[in-house]
Amino acid sequence: MAVQYLAANRFGLGRRFDDPAADDPKDWLIRQIDDYDPAPAAIAGLAGREAIATAYAEYRDERQAMRREAKNAQIGGDDGEAEAMRRMSRAGFRRHYGEAASARLAAAVATPTPFAERLVHFWANHFAISADKQTVVGFAGNYENEAIRPHIMGKFSDLLVAAVHHPAMLLFLDQAQSFGPDSVFATRVRNRGKRRAPGLNENLAREIMELHTLGVRAGYTQADITNFAKALTGLTVAGLGRGAGQRLMPADARPGETVFVDRLHQPGAQTILGKSYGQTGAKQAEAVLRDLAAHPATARHVATKLARHFTGDEPPAPLVDRLAQDFDRTGGDLPSLYRTLIASPEPWAAEPAMFKSPWDWTVSMLRALKTPGLGERQNIAAMFVQLGQPVWRPGSPKGYDDMVATWAGSAALMQRVELASRIAARIGDRADARALAPLVLADALTPETAQAISRADSPGQGIAMLFASPAFLRR
Amino acid sequence: MILSRRSIILSGITVAAAGALPRFAYAAAGTPKRLVFVIQRGAADGLATVAPTGDPAFAAARRALADESAGGAKLDAMFTLHPSLAQTASLYTGKQAHFAHAVATGYRDRSHFDGQNMLEGGGARPYGRDDGWVGRLLTLLPAAERDAIAIAPAVPLALRGSVQVGTYAPSRLPQADADLIARLTAMYANDPLLHPLWDSAVRTQELASDISGNNGRNGADLGKLAASLMMPADGARVMMVETGGWDTHSGQRGRLAAQLRGLDQLIGALQTGLGPVWGDTLVIVATEFGRTVEVNGTGGTDHGTASTAMLLGGGLAEGGKVSADWPGLGAAARYEGRDLKPTRSLESVIAAAVAHHYALDPTRVMTTLYPDA
Chain A
1 MAVQYLAANR
11 FGLGRRFDDP
21 AADDPKDWLI
31 RQIDDYDPAP
41 AAIAGLAGRE
51 AIATAYAEYR
61 DERQAMRREA
71 KNAQIGGDDG
81 EAEAMRRMSR
91 AGFRRHYGEA
101 ASARLAAAVA
111 TPTPFAERLV
121 HFWANHFAIS
131 ADKQTVVGFA
141 GNYENEAIRP
151 HIMGKFSDLL
161 VAAVHHPAML
171 LFLDQAQSFG
181 PDSVFATRVR
191 NRGKRRAPGL
201 NENLAREIME
211 LHTLGVRAGY
221 TQADITNFAK
231 ALTGLTVAGL
241 GRGAGQRLMP
251 ADARPGETVF
261 VDRLHQPGAQ
271 TILGKSYGQT
281 GAKQAEAVLR
291 DLAAHPATAR
301 HVATKLARHF
311 TGDEPPAPLV
321 DRLAQDFDRT
331 GGDLPSLYRT
341 LIASPEPWAA
351 EPAMFKSPWD
361 WTVSMLRALK
371 TPGLGERQNI
381 AAMFVQLGQP
391 VWRPGSPKGY
401 DDMVATWAGS
411 AALMQRVELA
421 SRIAARIGDR
431 ADARALAPLV
441 LADALTPETA
451 QAISRADSPG
461 QGIAMLFASP
471 AFLRR
Chain B
476 MILSRRSIIL
486 SGITVAAAGA
496 LPRFAYAAAG
506 TPKRLVFVIQ
516 RGAADGLATV
526 APTGDPAFAA
536 ARRALADESA
546 GGAKLDAMFT
556 LHPSLAQTAS
566 LYTGKQAHFA
576 HAVATGYRDR
586 SHFDGQNMLE
596 GGGARPYGRD
606 DGWVGRLLTL
616 LPAAERDAIA
626 IAPAVPLALR
636 GSVQVGTYAP
646 SRLPQADADL
656 IARLTAMYAN
666 DPLLHPLWDS
676 AVRTQELASD
686 ISGNNGRNGA
696 DLGKLAASLM
706 MPADGARVMM
716 VETGGWDTHS
726 GQRGRLAAQL
736 RGLDQLIGAL
746 QTGLGPVWGD
756 TLVIVATEFG
766 RTVEVNGTGG
776 TDHGTASTAM
786 LLGGGLAEGG
796 KVSADWPGLG
806 AAARYEGRDL
816 KPTRSLESVI
826 AAAVAHHYAL
836 DPTRVMTTLY
846 PDA
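As given, the protein sequences belong to chains A and B, one line each in that order.
Under my numbering, the residue at position 271 of the first sequence is numbered 271, and the numbers go up by one with no gaps.
All you need for my numbering is the position in the second sequence, starting with 1, plus 475.
Heads up, a few of these hints could be off.
[Claimed, not checked] FRET-style restraints, in silico, Cβ to Cβ:
1) Ser725/B with Glu314/A: 38 to 46 Å
2) Thr773/B with Lys370/A: 57 to 65 Å
3) Ala435/A with Asp847/B: 17 to 25 Å
Simulated from the structure, these hints should not be mistaken for laboratory data.
Glycine included, every Cβ here is placed at the ideal spot set by N, Cα and C.
Using the sequences and the hints given, assemble the complete structure.
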């Protein structure tokens, strides 16, 4: 049993060149629960919500102004110049995404608590947003850093509430534009009779039940979803929308701030999963969220996903049961789940091995090297697009899945070998793969791999072979 | 604060290295000279490149590979040039090529990493130096001849030293070379997941890879690129070009023929690209060590000791000649019973060629390039 290797790779993000050897790998993992820093230095300098929201609003306003101008001018005008300007302002809010993606990588490479950092990535993917919508792009990094990081060592319910309330989630799943059909605002619009009254959008309510908490086909009905969507109305984001609702924002709301606007909220009690919620205002949705977080189906759903992340495509039933019971018993205390995971035998089985995602693999390469493996001008976001795992952009609220077949593809493998070669060429003889291999592969280094590396025709080729070796590709 | 020598050099501030170097008069100014160092990483087989067909023990030792040189240019009574090296053979006829045989650095073990470190660093033992012989040579050159560049993503050890050196790595340069792909194929052979994935990846991958790829045209592209970087008035004057894929443990016949074809095209493209400047250019081609005299069981050769170095250019001291204090290939004449015995140091061959090229004092060049010798 390759305990050192599994602790470093399955639980962690790959051994760093300067990591001390852990005498007791399980104890090393457990200690990370307390040592975890929710605000590491690498993410400290990133823009806040207001700057991100303002950058997007500027882009949108410029685009509108240009459209008006184009309409006014009889001929198209100077398209090239207009396009250049549009690109420039677009770069303004895209920059926040790129900087946050680079900072995420830097944090993962530097972290002394790689197990905790892996959990940050796991939960950000469980509560996935996708930076496809222009409104969401700039907020993607802020979402992970402000909604996920502070809560991964607390209760599941607090993590859920924080994720759902972040502007990135509200914008991604259309909550910011969902209004109670009988809200003060919708009623007034309807009475004027000039245009169709704004209404409900069920997107967020459905995905919370299906993906974040209960799990698909867990017994909820369409009525439960509709009623939950009604309970969520009123939650929106200030300073972004062009919609009618923006005029209703509280006067002191800063751009990019999550606000609850009572006049958008559907009045009255809502019945969800057989229970009536009579709370008023924002308290109503929060009460539903906390009940969903404590539901036995949620315990099983979360236990299954967590178990799969640490054991492979088919998580063993005893481990899922153990985690689900633990979740029920502790009221969704996440550190308790992590301890159960570490103490369980299943994640420590060498087989089946998981295949590192492009993210995991790249992070583990960079952690192994003392000399930076990438140039300072490397576009981090673009690199992960090329590797097939764009940062914070899984393309759906389901997030990236945790199956071997998702990442183990032939073109993907060649891309990894090419990136490994590129990094190895930069490093050259500044690292000795023969010395590095026993450090990073530890008790999983096979004589075959060691021999293949030692026979490489150059130091650089040795490094590329280490990073492309079967054990390094897996976790 | 105590900075290690290594960290100082890596940070680009090479104060310690500069201070440690002796100062000599610079070489005389004139037409700017060009120097190209082509490193053959992986131990190129000198016995196949410049084959001692006149040695009575050659055919028996090389068995199936003895006719590798068939059809190649006869250099003299003893040596035949590999047939892939057609353009190089023309240079030899025009007294613009010289082959130094049975040469080796001071390194006597058989690790690529350590051997390349000695070849580039020029120290007395592996990892003995943090700077390289080309880097130290730059300190002897006038400012106009000191601009150095490596076609590589990072500065190779040979060029490191007190003078700032550039690198140029066009992104279109192939990243995963054929040799690495072959090694990974072996590494994944027994892996039920990776083996089929890799097979299909390799099949679909167009192997526009190292110099041997694309029937040698990759070598020509590299030579053309190197020449284009050295031609402009403010271009590079000293250049290092990396070549890999020389580690022919198996199937040497086809692989080495392709490698040498790529090298020949590289040299030809350099000559063509440099045009009139070729007369003021010295090209040094060298490898970390040679390969065994005997063929192994897989139609290849294993890590050896002495090999061949090439000197090419318009102003050689002894163009059109193979220089060797030939040790012979009989079992008793070999190094440790298996390798071509080194009878001359590669360091002295390089130092002498460089001194002649730049009209510098040979002793000064030797002590600067190889201060630990």
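Cross-check of the supplied hints:
1. Ser725/B with Glu314/A: 38 to 46 Å: holds (40 Å)
2. Thr773/B with Lys370/A: 57 to 65 Å: Check failed, 37 Å falls outside 57 to 65 Å.
3. Ala435/A with Asp847/B: 17 to 25 Å: At 24 Å between Cβs, range holds.
Violated hint for the displayed structure: number 2, the only one.
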